[in-house]
Amino acid sequence: MVVFSGDLDKAIAAFIIANGAVSMGHKVTMFFTFWGLNMLRKQHPPKVKKNIVEKMFGFMMPRSAERLTLSKMGMGGLGTVMIKGIMKKKNMNSLPEMIQSALYNGVQIQTCQMTMDLMGIRKEKLLDEIETVGVATFIHSSDESNATIFI
Amino acid sequence: MVVFSGDLDKAIAAFIIANGAVSMGHKVTMFFTFWGLNMLRKQHPPKVKKNIVEKMFGFMMPRSAERLTLSKMGMGGLGTVMIKGIMKKKNMNSLPEMIQSALYNGVQIQTCQMTMDLMGIRKEKLLDEIETVGVATFIHSSDESNATIFI
Amino acid sequence: MVVFSGDLDKAIAAFIIANGAVSMGHKVTMFFTFWGLNMLRKQHPPKVKKNIVEKMFGFMMPRSAERLTLSKMGMGGLGTVMIKGIMKKKNMNSLPEMIQSALYNGVQIQTCQMTMDLMGIRKEKLLDEIETVGVATFIHSSDESNATIFI
Numbered sequence: 024m025v026v027f028s029g030d031l032d033k034a035i036a037a038f039i040i041a042n043g044a045v046s047m048g049h050k051v052t053m054f055f056t057f058w059g060l061n062m063l064r065k066q067h068p069p070k071v072k073k074n075i076v077e078k079m080f081g082f083m084m085p086r087s088a089e090r091l092t093l094s095k096m097g098m099g100g101l102g103t104v105m106i107k108g109i110m111k112k113k114n115m116n117s118l119p120e121m122i123q124s125a126l127y128n129g130v131q132i133q134t135c136q137m138t139m140d141l142m143g144i145r146k147e148k149l150l151d152e153i154e155t156v157g158v159a160t161f162i163h164s165s166d167e168s169n170a171t172i173f174i
Numbered sequence: 024m025v026v027f028s029g030d031l032d033k034a035i036a037a038f039i040i041a042n043g044a045v046s047m048g049h050k051v052t053m054f055f056t057f058w059g060l061n062m063l064r065k066q067h068p069p070k071v072k073k074n075i076v077e078k079m080f081g082f083m084m085p086r087s088a089e090r091l092t093l094s095k096m097g098m099g100g101l102g103t104v105m106i107k108g109i110m111k112k113k114n115m116n117s118l119p120e121m122i123q124s125a126l127y128n129g130v131q132i133q134t135c136q137m138t139m140d141l142m143g144i145r146k147e148k149l150l151d152e153i154e155t156v157g158v159a160t161f162i163h164s165s166d167e168s169n170a171t172i173f174i
Numbered sequence: 024m025v026v027f028s029g030d031l032d033k034a035i036a037a038f039i040i041a042n043g044a045v046s047m048g049h050k051v052t053m054f055f056t057f058w059g060l061n062m063l064r065k066q067h068p069p070k071v072k073k074n075i076v077e078k079m080f081g082f083m084m085p086r087s088a089e090r091l092t093l094s095k096m097g098m099g100g101l102g103t104v105m106i107k108g109i110m111k112k113k114n115m116n117s118l119p120e121m122i123q124s125a126l127y128n129g130v131q132i133q134t135c136q137m138t139m140d141l142m143g144i145r146k147e148k149l150l151d152e153i154e155t156v157g158v159a160t161f162i163h164s165s166d167e168s169n170a171t172i173f174i
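Residue numbers (our numbering), protein chains in the order written: chain A, 24 to 174; chain B, 24 to 174; chain C, 24 to 174.
Don't read these hints as lab results, they were simulated from the structure. Incorrect hints may appear among the rest.
As the list claims (entries may be wrong) - What follows is a list of derived Cβ distance ranges for each label pair:
1. A/163 <-> C/128: 17 to 25 Å
2. B/120 <-> A/73: 49 to 57 Å
3. B/46 <-> C/154: 16 to 24 Å
4. B/68 <-> A/112: 21 to 29 Å
5. C/49 <-> A/47: 39 to 47 Å
6. A/145 <-> B/46: 47 to 55 Å
7. A/78 <-> B/168: 30 to 38 Å
8. A/163 <-> C/147: 34 to 42 Å
9. C/147 <-> A/112: 52 to 60 Å
10. B/146 <-> C/163: 49 to 57 Å
11. C/107 <-> A/108: 34 to 42 Å
12. B/47 <-> C/123: 49 to 57 Å
13. B/146 <-> C/123: 46 to 54 Å
Said to hold, decoys possible - Residues of chain B clear of chain C, computed beta-carbon distances all greater than 12 Å:
14. 86
15. 94
16. 113
17. 136
18. 155
Claimed, not checked - Derived lysine to any residue pairs resembling SDA-like cross-links, with alpha carbons at most 25 Å apart:
19. A/73 <-> C/113
20. C/111 <-> A/110
21. B/50 <-> C/168
22. C/113 <-> A/153
23. C/50 <-> C/154
24. C/65 <-> B/105
25. A/73 <-> C/108
26. A/72 <-> C/115
27. A/73 <-> C/104
28. B/73 <-> A/105
29. C/112 <-> A/113
30. A/113 <-> B/145
Owing to the predicted nature of the structure, the values given are computational and were not obtained by experimental measurement. Glycine residues also receive a C-beta, built at the ideal position from the N, C-alpha and C atoms.
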């Protein structure tokens, strides 16, 4: 599974599918690229030295899964608040909980080295359990996999 | 096939692929989740009791395939009108006709139970021929399938 | 691989995966549909006769891979300029170079006949190495393929 998008709704869909598949005994690898990386950022990351462009990206992009927003019905953030409220009321896991649960259940979470270079995201800024790989590793998992989806 | 998006252009692409594949003798299952559900809403649904949040979602989201819009070139709805006009002129089926044709030709259309709970969409509000299933059913069809795409 | 999107970031992701896979000895077919066609337009196309709707589409959509923009962080084009600048600084290929490299390495690039009819894009306006096919051809390649992704 490739997670390209950084939208809350698509992230939820990705982790529901991943957690569902792993609970059914499947091996799941998620390869995070571009905006998808944002949801793996630590909320309180260690300080590292960055150049000015890296700072700009870091500042403008949502830091951590807590801060993603919906792809539709933005309405100044109201749609996002509503969805999170309903999920809580229905006792669904939140996105950060889904990510923890995926890691706990053995979903392999990989990030794209090239995106990290491009956006100036350092490994220390991401959740600790994550492996950084190149596109060849992703293609190799896809070869061995029954289904590959791009979200 | 997972249909996550509620954009007119992506919906058309999804149904062209589905109808093409089924006409070539393939078995096709479409699993509708999140915004994708909107295109399966009845244009004139029966009245049901809803709470306030369900009412808000119901009011803000497009009701039925007639009312989807493009993901690009919105221009206050002009792009959508243009595309529909050209499709008509070229004697292409409209999206509602494509959906009917898919159902008629045996494409299996399933909706995601969890999304319906989340957005407060009741089964009575959706086209009659549709089955409501959980994510495990989708993963199971994907296992048996040659290709799974996420639109 | 289906390329539906016309966003710079998704186009880059598509060609990185395609070029990676082909360099690992895989056979890759990319089927371009809807907005994806824009990146295959020639920057200086020959003049052809068009009707008024075709002219409007041609005028409003980005002509060639040089002119795509990001799906996020538009900021009046600033995000796009930043990404292109970083890619250059890191000695990454630009999108037009990635497309040339894909063609050179034998990635098969196909465009959707129906989209071309719909948007009034003539074959002469697209890069020369490209084949125009119907959806059945795409489904056929997908049948023979280990993984099909929709970008």
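Structure-based check of each hint:
| no. | hint | verdict |
| --- | --- | --- |
| 1 | A/163 <-> C/128: 17 to 25 Å | holds (18 Å) |
| 2 | B/120 <-> A/73: 49 to 57 Å | holds (53 Å) |
| 3 | B/46 <-> C/154: 16 to 24 Å | holds (22 Å) |
| 4 | B/68 <-> A/112: 21 to 29 Å | holds (24 Å) |
| 5 | C/49 <-> A/47: 39 to 47 Å | violated (28 Å) |
| 6 | A/145 <-> B/46: 47 to 55 Å | holds (51 Å) |
| 7 | A/78 <-> B/168: 30 to 38 Å | violated (45 Å) |
| 8 | A/163 <-> C/147: 34 to 42 Å | holds (40 Å) |
| 9 | C/147 <-> A/112: 52 to 60 Å | holds (57 Å) |
| 10 | B/146 <-> C/163: 49 to 57 Å | violated (36 Å) |
| 11 | C/107 <-> A/108: 34 to 42 Å | holds (39 Å) |
| 12 | B/47 <-> C/123: 49 to 57 Å | violated (33 Å) |
| 13 | B/146 <-> C/123: 46 to 54 Å | holds (51 Å) |
| 14 | 86 | holds (24 Å) |
| 15 | 94 | violated (8 Å) |
| 16 | 113 | violated (6 Å) |
| 17 | 136 | holds (24 Å) |
| 18 | 155 | holds (24 Å) |
| 19 | A/73 <-> C/113 | holds (15 Å) |
| 20 | C/111 <-> A/110 | violated (43 Å) |
| 21 | B/50 <-> C/168 | holds (17 Å) |
| 22 | C/113 <-> A/153 | holds (24 Å) |
| 23 | C/50 <-> C/154 | holds (16 Å) |
| 24 | C/65 <-> B/105 | holds (24 Å) |
| 25 | A/73 <-> C/108 | holds (17 Å) |
| 26 | A/72 <-> C/115 | holds (23 Å) |
| 27 | A/73 <-> C/104 | holds (19 Å) |
| 28 | B/73 <-> A/105 | holds (16 Å) |
| 29 | C/112 <-> A/113 | violated (48 Å) |
| 30 | A/113 <-> B/145 | holds (16 Å) |
Of the numbered hints listed earlier, those contradicted by the structure are 5, 7, 10, 12, 15, 16, 20, 29.
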